Amino acid sequence: DGGITQSPKYLFRKEGQNVTLSCEQNLNHDAMYWYRQDPGQGLRLIYYSQIVNDFQKGDIAEGYSVSREKKESFPLTVTSAQKNPTAFYLCASSQGRRTYEQYFGPGTRLTVT
Amino acid sequence: AQTVTQSQPEMSVQEAETVTLSCTYDTSENNYYLFWYKQPPSRQMILVIRQEAYKQQNATENRFSVNFQKAAKSFSLKISDSQLGDTAMYFCAFPDNNAGNMLTFGGGTRLMVKP
Numbered sequence: 310d311g312g313i314t315q316s317p318k319y320l321f322r323k324e325g326q327n328v329t330l331s332c333e334q335n336l337n338h339d340a341m342y343w344y345r346q347d348p349g350q351g352l353r354l355i356y357y358s359q360i361v362n363d364f365q366k367g368d369i370a371e372g373y374s375v376s377r378e379k380k381e382s383f384p385l386t387v388t389s390a391q392k393n394p395t396a397f398y399l400c401a402s403s404q405g406r407r408t409y410e411q412y413f414g415p416g417t418r419l420t421v422t
Numbered sequence: 118a119q120t121v122t123q124s125q126p127e128m129s130v131q132e133a134e135t136v137t138l139s140c141t142y143d144t145s146e147n148n149y150y151l152f153w154y155k156q157p158p159s160r161q162m163i164l165v166i167r168q169e170a171y172k173q174q175n176a177t178e179n180r181f182s183v184n185f186q187k188a189a190k191s192f193s194l195k196i197s198d199s200q201l202g203d204t205a206m207y208f209c210a211f212p213d214n215n216a217g218n219m220l221t222f223g224g225g226t227r228l229m230v231k232p
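Top to bottom, those sequences are chains G and W. The first sequence runs 310 to 422 under the working numbering. The second sequence runs 118 to 232 under the working numbering.
Warning: the hint list may mix true and false statements.
Stated by the list, open to error - To be clear about the criterion: a stretch of chain W counts as covered by chain G if any three or more of its residues have a C-beta under 8 Å from a C-beta of chain G, and this derived list gives those stretches:
id : region
1  : 162–170
2  : 218–224
Said to hold, decoys possible - Sample of chain W residues lacking proximity to chain G, with all beta carbon distances greater than 12 Å (derived):
id : residue
3  : Thr135
4  : Ser145
5  : Ser182
6  : Phe185
7  : Lys187
8  : Ser193
9  : Lys195
10 : Asp203
11 : Thr204
12 : Met229
Don't read these hints as lab results, they were simulated from the structure. As the structure is a computational prediction, the values presented were derived from the model and not from experiment. Glycine included, C-beta positions come from ideal geometry on N, C-alpha and C.
Model the full assembly from the supplied sequences, consistent with the hints where possible.
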């Protein structure tokens with residue numbers, strides 16, 4: 310089955326630790342995205358990548374980093390510099406053209422204490 | 118910058134009845150797409166329907182349809198014969214052509230379908 314996987318579903322970390330969230334897609338999509346969702350709110354873009362080895366900052370990139378070494382993978386690292394890292398993180402992919410909708414993974418709930 | 122506004126934070130509807138969720142947006146572009154996404158309690162984002170701005174005909178997907186008013190920049194979602202499984206957050210979204218086609222989301226409408 311084609312789709313997007315994110316792991317783990319729930320993640321707990323101590324304050325001051327970096328943590329990496331996984332996102333994999335087998336849809337052969339060029340573009341991938343990371344969004345953050347806080348309770349009762351919409352999604353905000355953290356980073357996006359339109360092609361391998363290239364990525365761009367979104368609206369709230371501070372305290373986050375990404376890599377895109379393979380077309381199917383787009384991991385997100387939440388660094389200790391992110392002041393409020395506890396949130397729900399969603400990864401998405403699309404064919405990269407404006408006419409195409411984005412498909413989302415199941416999300417990862419990160420809790421930092 | 119493009120903006121998407123959903124003015125109804127919460128709505129409720131009786132099972133089998135019809136409900137309309139509103140969305141307005143702001144853009145200077147002429148050709149674009151608009152999307153409605155559903156986020157049930159599982160939090161998985163699911164595409165409900167999409168509308169192409171150059172098409173005058175409103176999009177329809179089974180019980181879901183849109184009322185697209187391009188001049189008014191309005192894009193409402195109508196759910197007919199509401200079912201309990203329709204209970205979810207609904208987000209209107211608009212792709213930003215200047216930012217890798219990232220989606221700008223509205224704040225969402227929480228819909229509760231009552232038995």
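Cross-check of the supplied hints:
Requiring three or more residues with a Cβ within less than 8 Å of a Cβ of chain G, the coverage given for the region 162–170 of chain W holds, as 5 such residues are present. Counting residues of the region 218–224 of chain W whose C-beta lies closer than 8 Å to any C-beta of chain G gives 6; at least three are required, and the coverage claim holds. Annotated as non-interface, Thr135(W) keeps its C-beta farther than 12 Å from every C-beta of chain G; the closest such distance is 25 Å. The non-interface label for Ser145(W) is consistent with chain G: the shortest C-beta to C-beta separation is roughly 15 Å, beyond 12 Å.
Every beta carbon of chain G lies more than 12 Å from that of Ser182(W), the smallest distance being close to 17 Å; the non-interface claim holds. Consistency note on Phe185(W): stated as away from chain G, and its beta-carbon is indeed over 12 Å from all of that chain's, at 16 Å minimum. At roughly 17 Å, the least C-beta separation between Lys187(W) and chain G is larger than 12 Å, which holds for a residue marked as non-interface. With a least CB separation of 17 Å from chain G, Ser193(W) remains clear of the 12 Å interface cut-off, as annotated.
With a minimum CB-CB distance of about 19 Å to chain G, Lys195(W) clears the 12 Å threshold, and the non-interface call stands. For Asp203(W), the shortest C-beta to C-beta distance to chain G comes to about 18 Å, beyond the 12 Å cut-off, and the non-interface label holds. A cut-off of 12 Å between C-beta atoms confirms that Thr204(W) is not in contact with chain G; the least separation is 16 Å. The Cβ of Met229(W) sits about 14 Å from the closest Cβ of chain G, beyond the 12 Å cut-off, so the non-interface label holds.
Checked against the numbered hints given earlier, this structure breaks none of them.
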